[in-house]
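A.B. asks: Heads up, the sequence shown stops at 214 in the working numbering, and the numbers go up one at a time, no gaps.
Note that these hints are calculated values from the structure, not bench results.
Don't be surprised by glycine CBs; every beta carbon is placed ideally from N, CA and C.
Errors might be hidden in some of the hints.
Listed next, with one range per pair, are the computed distances between beta-carbon atoms [as the list claims (entries may be wrong)]:
1. 211 - 14: 16 to 26 Å
2. 69 - 36: 37 to 47 Å
3. 19 - 210: 12 to 22 Å
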Amino acid sequence: MSATLAGFALAATLLILAPGPDSMLVLRNALRGGRRAGWVTAGGTLSGLLVWATAAAFGLSAMLQASTIGYDILRFAGAAYLAWLGLTSLGLFRSDDTKRRHHADQPSEAGPNQAGWGRMYLNGLVSDLLNPKIGIFFIAFLPSFIPAGTSAAALSLGLGLWFVAETGVWLAVMAWLAARGVQWLRRSAVQRWLERATGIVLIGFGLRLALESR
1 MSATLAGFAL
11 AATLLILAPG
21 PDSMLVLRNA
31 LRGGRRAGWV
41 TAGGTLSGLL
51 VWATAAAFGL
61 SAMLQASTIG
71 YDILRFAGAA
81 YLAWLGLTSL
91 GLFRSDDTKR
101 RHHADQPSEA
111 GPNQAGWGRM
121 YLNGLVSDLL
131 NPKIGIFFIA
141 FLPSFIPAGT
151 SAAALSLGLG
161 LWFVAETGVW
171 LAVMAWLAAR
181 GVQWLRRSAV
191 QRWLERATGI
201 VLIGFGLRLA
211 LESR
């Protein structure tokens, strides 16, 4: 069992460190609102991962794997959402609060208001829930680390929670590093350039999700 957990931890770490839309969203919102904004976004991402891990442990996400229509609906909705987030980072569809913040010399120390925190949490949650590849990932990835003769549902849920915890640590560190970078640079032009770069990457992830088959 210890060898199984060690192998899973290593494989999970390598997967988590690979750049993906979750990391880009945390980076984007940390650049916009500071460390806490990145952590709130990470909280939304972890909530989505927890839903997928629970669904996979109890066999619910297997229904998604069997339904081509349901899979495609989630896939295109997730792609559209990532593309929309990318476009907002490029300067389109911004709210007045975001525009004012980008015209300021420095990021606001107070961070977003209550509605802003809610939007950042939903950024992470919705993008994760609308990505069917995460559900399929849990179905395909976790069973290979479950020894024969053990309770599949319980161990699958435990491994899923481990994966969520590892992801949380990585996203929290990323948000902290991004926020420290913003405070160190203190140049709004550089912040806008970085946000636009993350916007292009998010659009790329959305296009890849829309065009990829299972």
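A.B. asks: Decide, hint by hint, whether the structure agrees.
C.D. replies: Evaluated hints:
1. Range check, residue 211 to residue 14: Cβ separation about 25 Å, and the 16 to 26 Å hint holds.
2. For the hinted restraint 37 to 47 Å between residue 69 and residue 36, the CB-CB distance of approximately 39 Å keeps it satisfied.
3. In this structure the supplied range 12 to 22 Å holds for residue 19 paired with residue 210, their Cβ-Cβ distance being about 18 Å.
Hint violations for this structure: none, all hints satisfied.
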